[in-house]
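A.B. asks: In order, the protein sequences belong to chains G and F.
Position 57 (the first sequence) corresponds to 57 in our numbering; numbering is contiguous.
With the second sequence counted from 1, adding 495 to any position gets you our numbering.
No lab work stands behind these hints: they were computed from the structure.
Note that the coordinates shown come from a computational prediction; the quantities given were computed from them, not determined experimentally.
A hint or two may mislead.
Chain F regions said to be covered by chain G (calculated; three or more residues, Cβ under 8 Å) [as the list claims (entries may be wrong)]:
#: 1; region: 538-544
#: 2; region: 550-558
#: 3; region: 573-585
#: 4; region: 624-636
#: 5; region: 654-661
Ideal Cβ placement from N, Cα and C applies to all residues, glycine included.
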Amino acid sequence: MRALSIIRAAGAETCHPWPRHILRTPDWAAMAQALPEDPALCLVALWADTVQVHALLHVVGAERIVLASVSVEAGGYPALSPARPGAAWFERTIHDLYGHRAEGGIDSRPWLDHGTWPHAAPLSARPPPLEHPAESPSFLPAVDEGVASLPIGPVTGTLDDAFHLRLGLHGEAIAQAEARLGYLHRGIPALLRGKAPRTAARFVARLAADATVAHALAFAQAAEAALAVTVPPRAVALRRMMLECERIAVHLDDLAMIGAAVGASGVAAACAEPREHLLRGLEQAFGHRLMMDCVVPGGLAATVGPAELQALRRGIGAVAAALPGLRRRLEASACLPRLTGLGTVPPALAETLALGGVAGRASGRRWDARLLRGLDGFVPALERAGDAAARTRLRVMEIVGSLDLLAQLLDFVPEGEMSVALPMVSGEGVACVEAARGDVWHWLRLDHGQIAAAFPRDPGWALWPAMEAALHGAAAEETLAILRSFGLVAAGVDL
Amino acid sequence: MIGRFWKPRAADPLPPPDEDTTRSLLERLDSAAQMRLGRSLALLHVNGGSCGGCEMELRALRGVLYDLERFGLRFVTAPAQADVLLVTGALTRTLRVALEQAWDATPDPKWVVAVGDCAVDGGVFKGSYAILGGAGAVVPVDLTISGCPPSPVRLLSGLRALLEANAR
Ligand code: SF4
Chain G
1 MRALSIIRAA
11 GAETCHPWPR
21 HILRTPDWAA
31 MAQALPEDPA
41 LCLVALWADT
51 VQVHALLHVV
61 GAERIVLASV
71 SVEAGGYPAL
81 SPARPGAAWF
91 ERTIHDLYGH
101 RAEGGIDSRP
111 WLDHGTWPHA
121 APLSARPPPL
131 EHPAESPSFL
141 PAVDEGVASL
151 PIGPVTGTLD
161 DAFHLRLGLH
171 GEAIAQAEAR
181 LGYLHRGIPA
191 LLRGKAPRTA
201 ARFVARLAAD
211 ATVAHALAFA
221 QAAEAALAVT
231 VPPRAVALRR
241 MMLECERIAV
251 HLDDLAMIGA
261 AVGASGVAAA
271 CAEPREHLLR
281 GLEQAFGHRL
291 MMDCVVPGGL
301 AATVGPAELQ
311 ALRRGIGAVA
321 AALPGLRRRL
331 EASACLPRLT
341 GLGTVPPALA
351 ETLALGGVAG
361 RASGRRWDAR
371 LLRGLDGFVP
381 ALERAGDAAA
391 RTRLRVMEIV
401 GSLDLLAQLL
411 DFVPEGEMSV
421 ALPMVSGEGV
431 ACVEAARGDV
441 WHWLRLDHGQ
451 IAAAFPRDPG
461 WALWPAMEAA
471 LHGAAAEETL
481 AILRSFGLVA
491 AGVDL
Chain F
496 MIGRFWKPRA
506 ADPLPPPDED
516 TTRSLLERLD
526 SAAQMRLGRS
536 LALLHVNGGS
546 CGGCEMELRA
556 LRGVLYDLER
566 FGLRFVTAPA
576 QADVLLVTGA
586 LTRTLRVALE
596 QAWDATPDPK
606 WVVAVGDCAV
616 DGGVFKGSYA
626 ILGGAGAVVP
636 VDLTISGCPP
646 SPVRLLSGLR
656 ALLEANAR
């Protein structure tokens, strides 16, 4: 682990709960060169502020988390993408938002910036005047001449995110797949800056609705870590329940979409109904069907009494009651056989991309952020095949797991306060939460109670590249089924 | 042809969604549809920069009311087939062209519904460099359905208003 020793040898700044090592540029370059020897060292996120670039690395199994930073010199920093191809989207994002160049990077095309913003590099200390005209996104050249190009999106009519997917077809088979995101960029990193965590939480909750609780929670925990605030036990218990409820709701939604994509409308209906009961229970319990704005830094915004807990129990009970029927439908439908062997992610790719969530665990990657934070005896369900069927089966298993966790949590809900006030002090923190689609990370630095810099890492950063790779060789008509099996969301990546 | 019956950026024109259940609403919709419906409405969703919450509730509407078609409403996937564009999101600058193209490709008569607070006026993202502040910045909006996100019941009352106007 030479890369790890290089990082560890560098001095560190205080960041809770993991220190952030500050590397000199030559040491960062040496670390980047050593990365190919350390396949177990996964790059989870790469982001920036106006003066530094930061990396978050994770040794799976050992659950060792390492943070490293380098100063931007003469507008650039040594790229990590030659060693970790997954870094390319991060490097392009950093360039589009801050103007820092990744020296030696494998891809320097624009990413979030489609040439439509009023400024280039809107987050840089001095945004340069716009010099590029609006241009349509450029795509990789076709691998060879026999490849026909099939563009999909950004308007798909599928009640879904806006994204663009370009398929290169060899007859019926997909020879090349490239996703182009950035359409949903709402400028969230800029909106977070200079705000108090409580105010900023409204934007965080709207990064990606499928993980509104997970993002709000990771963000809140990062702020609480930075400020050394302890959240009341009642809020901690309720937050965990909300996270599991969100997981169930999203898994049911994903299963419904997978079912619809392969023509198993019975499966879709069997998911939609219990999901609706759950959402109504959540509305009665927390005041919002998706639990948006309920988790705030310091605790919870909602007041949850006995009547609310009872409504929550009813919603969860409806899912538990419907689950056997849903499983029967799934087994009886042509769904799983159809999905077998489709969109396979090999374990090595899952590792390289730091692929988390159902998609990572379906490829045997034993990582679940719930392993990180006090859930005694928690064992994540695993699959090995790495295909769409494995991802689908895992979702059902995880609903069962979440129902078990909820039963335990509902058994004893501590009494007491729902939230504590946050002090107006400075500090830095990072936190991780397992969302339905994988690990959500939030880092932030507070300056006298206001956000100086922040970055949210959505699971989508790993899911999209994994999907691109998994489409290779598939029949074009299977595209929707493969996409659905990953549960892709662009909003969280587009910021 | 039916004129535009709500001005762009109008405040939420719907009665408070106090219906207890979707069912009671459905019954009303059913009779309205049977009595006065001229033809069914084809809905095309256009994402204008959403967090995905409005889409979740649109999917919930479609999922629970799988017989939506009985009430004269159906989802389509191409502008050429659409009567109504359901626009979500704060309208990012990058999606402006996509919305314009979808609108141009939708045959007349057509309606635009701004779904969710973001599409109504930019919602929480108002003032960001990356957004234009809702569907009305680019296309004429006929109906707004507020909420963040609007619940299926609220979506349905909005669409019912559109159906009734269509049948008038
Ligand atoms: S209105 Fe709310 S739910 Fe809908 S896209 Fe905007 S932030 Fe998301």
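A.B. asks: So, for every hint listed, does it hold in this structure?
C.D. replies: These are the hints, each one checked on the structure:
Restraint check on the region 538-544 of chain F versus chain G: 6 residues with Cβ-Cβ distances below 8 Å, three needed, restraint holds. Three residues within the 8 Å Cβ limit are the bar, and the region 550-558 of chain F against chain G gives 8, so the coverage statement holds. A stretch counts as covered by a chain when three or more of its residues have a beta carbon under 8 Å from one of that chain; for the region 573-585 of chain F and chain G the count is 4, and the coverage holds. Only residues whose C-beta sits within less than 8 Å of a C-beta in chain G count toward coverage, and the region 624-636 of chain F has 3 of them, enough to reach three; the restraint holds.
Only residues whose beta carbon comes within less than 8 Å of a beta carbon in chain G count, and the region 654-661 of chain F has 0; fewer than three means the coverage is violated.
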